[in-house]
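For reference, the chains in residue letters:
There are 2 protein chains.
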Amino acid sequence: MNRQALIAQIKQKKSYLCIGLDTDITKIPAHLLQEEDPVFSFNKQIIDATHDLCVSYKINTAFYEAMGISGWQAMQKTLAYIPENIFTIADAKRGDIGNTSTQYAKAFFEQMNFDSITVAPYMGKDSVKPFLDFTGKWTIVLALTSNEGSFDFQVLESNKQRLFETVLQKVSTWGTPENLMFVVGATKAEQLSEIRQIVPNHFLLIPGVGTQGGSLEEVSKHGMNEDIGILVNVSRQIIYAGNDTDYANKAREEAMSLQLQMANYL
Amino acid sequence: MNRQALIAQIKQKKSYLCIGLDTDITKIPAHLLQEEDPVFSFNKQIIDATHDLCVSYKINTAFYEAMGISGWQAMQKTLAYIPENIFTIADAKRGDIGNTSTQYAKAFFEQMNFDSITVAPYMGKDSVKPFLDFTGKWTIVLALTSNEGSFDFQVLESNKQRLFETVLQKVSTWGTPENLMFVVGATKAEQLSEIRQIVPNHFLLIPGVGTQGGSLEEVSKHGMNEDIGILVNVSRQIIYAGNDTDYANKAREEAMSLQLQMANYL
Chain A
-6 MNRQALIAQI KQKKSYLCIG LDTDITKIPA HLLQEEDPVF SFNKQIIDAT HDLCVSYKIN
54 TAFYEAMGIS GWQAMQKTLA YIPENIFTIA DAKRGDIGNT STQYAKAFFE QMNFDSITVA
114 PYMGKDSVKP FLDFTGKWTI VLALTSNEGS FDFQVLESNK QRLFETVLQK VSTWGTPENL
174 MFVVGATKAE QLSEIRQIVP NHFLLIPGVG TQGGSLEEVS KHGMNEDIGI LVNVSRQIIY
234 AGNDTDYANK AREEAMSLQL QMANYL
Chain B
-6 MNRQALIAQI KQKKSYLCIG LDTDITKIPA HLLQEEDPVF SFNKQIIDAT HDLCVSYKIN
54 TAFYEAMGIS GWQAMQKTLA YIPENIFTIA DAKRGDIGNT STQYAKAFFE QMNFDSITVA
114 PYMGKDSVKP FLDFTGKWTI VLALTSNEGS FDFQVLESNK QRLFETVLQK VSTWGTPENL
174 MFVVGATKAE QLSEIRQIVP NHFLLIPGVG TQGGSLEEVS KHGMNEDIGI LVNVSRQIIY
234 AGNDTDYANK AREEAMSLQL QMANYL
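Going down the list, the protein sequences come from chains A and B.
Residues -6 to 259 (my numbering) make up the first sequence, in order.
Residues -6 to 259 (my numbering) make up the second sequence, in order.
Be careful, since some hints might not be right.
Which copy is meant is left open, because identical chains are indistinguishable; a pair holds if it fits in one copy or across any two.
Derived lysine to any residue pairs resembling SDA-like cross-links, with alpha carbons at most 20 Å apart [as the list claims (entries may be wrong)]:
1) K99 with T19
2) K163 with L149
3) K118 with F144
4) K37 with M249
5) K99 with Q38
6) K4 with D220
7) K99 with L149
8) K163 with V148
9) K118 with G91
10) K99 with W65
11) K163 with N78
12) K20 with E103
13) K130 with D45
14) K163 with E141
15) K4 with E183
16) K99 with P31
17) K99 with D17
18) K99 with I62
19) K214 with S63
20) K7 with Q254
21) K37 with D17
22) K7 with K214
23) K118 with Q205
The set of hints was computed from the structure by calculation and includes no laboratory data.
Please take these sequences and the hints and turn them into a complete structure.
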């Protein structure tokens, strides 16, 4: 999905909501465990109940890898089930030397058909570039993450710039706003205005609203640009809103509440 | 495998060689493509031909993920085929917020039974700690990598310390030399002496000898400590030494040449 199509979807749905399918088999409603593929069954109902309210689904690969082959199958089936007009993110946080990053890109862009993948910047340009080289695909590079550990290295100052700012500045020269986004945690909403000085045009993928404590209002106020330019991810608050047979309805209620707020901020 | 057992293996085999199974189906000898599982068949013969000369195999997960389900199966079969007394590394470069890192740890330590996994440090303590919490397992954190892109962020100076030095210093307080190693590229051999000032006791996993240009002599001279303390990884130079039916013998010749040099440096 290209940038124009993504923006059109956001405007049409009045939503910049990304729903994180961090589906943990130990947390899904008990009645699903009898199904042949409980994780896929869970995701299927979540997608059925929410796809008109969000513009993106983010699949957190860790939860699928933890189940081995059957998890990998559930991930593929889930990806295939997501409607065509929704932007798909492999939240995989990959990154390695060039020839290896190319293999990761093949895994997520060719073997599976994700629109985008999250990538860690630590190994530098030749670890990020192979993802950017895939036409029609997106690379979403970690800049400032939503967790406590973001204070360990991401804010270290060098040449009067914090590491995440240097990451934004350097990495933004490796791609364009048409194929590159950045991860900026919602728990750092007050820094979004500064971040917008460095990357005014790129889309930002913003995790951390909900369970992690970030404010949707704040990130919308400080993060948006003239093309909207943000995708706000919410995972646990939506997918685990209920824990019984009505979990999909509960998820829809949560998603709708967020979408209505977003419509208001747009 | 614990530290003492690893050191004992190194001394017994007079080798600190780790062989990287970066098995690319497009690069293996053509006659194997008729096999049911060409990648596993390739790995099996490499393991048969080299297991007495190395103390570790490193499986680069990207090459397996690029093949989807069948790749994941080939990875599991390869891991199961590696002899008990050899240290296994999932070269996966994972790392995410705490609850997600726990899932990655489950994937590689429980769902599969790797001894260790490589982890990217960018997201800080709560992204690394979940791996360290698995008893009897090892976490191998990227410090200074072997690629060109290592100059983009890893050497940025802050508080008179380069980022990779801060990573070494901070991360070394999160684990112990019994459950934590660091990745230091062989292409930076001259910096190994400085690195040894910061982490005198930890094992270092050293990629970059061979195809990437690092010198075995240099890394051995500057990297070893009194417990030897290094694992030197070689991938392509060994596994693609031949490209015909005799590829396993060619791989053995390469591995033996490296092991003989190592015996000399020990």
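Hints and how they fare:
1. K99 with T19: Result: close only across copies, 13 Å inter versus 30 Å intra.
2. K163 with L149: The answer is both: 16 Å in one copy and 13 Å across copies each meet 20 Å.
3. K118 with F144: between (23 Å within a copy, 9 Å between copies)
4. K37 with M249: within (18 Å within a copy, 53 Å between copies)
5. K99 with Q38: Cα proximity of K99 and Q38: none, with 29 Å in one copy and 26 Å across.
6. K4 with D220: This pair counts as within: shortest intra-copy Cα distance 10 Å, inter-copy 62 Å.
7. K99 with L149: neither (33 Å within a copy, 31 Å between copies)
8. K163 with V148: Classified as both; 16 Å inside a copy, 14 Å across copies.
9. K118 with G91: Within one copy only: 9 Å inside a chain, 26 Å across chains, cut-off 20 Å.
10. K99 with W65: Cα proximity of K99 and W65: in one copy and across copies (15 Å, 14 Å).
11. K163 with N78: neither (31 Å within a copy, 44 Å between copies)
12. K20 with E103: So K20 and E103 pass the 20 Å test across copies only (18 Å; inside, 31 Å).
13. K130 with D45: Answer is neither; intra-copy 23 Å and inter-copy 44 Å both fail.
14. K163 with E141: between (24 Å within a copy, 15 Å between copies)
15. K4 with E183: neither (25 Å within a copy, 55 Å between copies)
16. K99 with P31: between (27 Å within a copy, 19 Å between copies)
17. K99 with D17: Cα proximity of K99 and D17: across copies only (12 Å, versus 26 Å in one copy).
18. K99 with I62: both (18 Å within a copy, 14 Å between copies)
19. K214 with S63: neither (41 Å within a copy, 46 Å between copies)
20. K7 with Q254: within (10 Å within a copy, 65 Å between copies)
21. K37 with D17: within (14 Å within a copy, 34 Å between copies)
22. K7 with K214: Answer is within: at 16 Å inside a copy they meet the 20 Å cutoff, but 62 Å across does not.
23. K118 with Q205: Only across copies: K118 and Q205 sit 16 Å apart there, 30 Å inside one copy, limit 20 Å.
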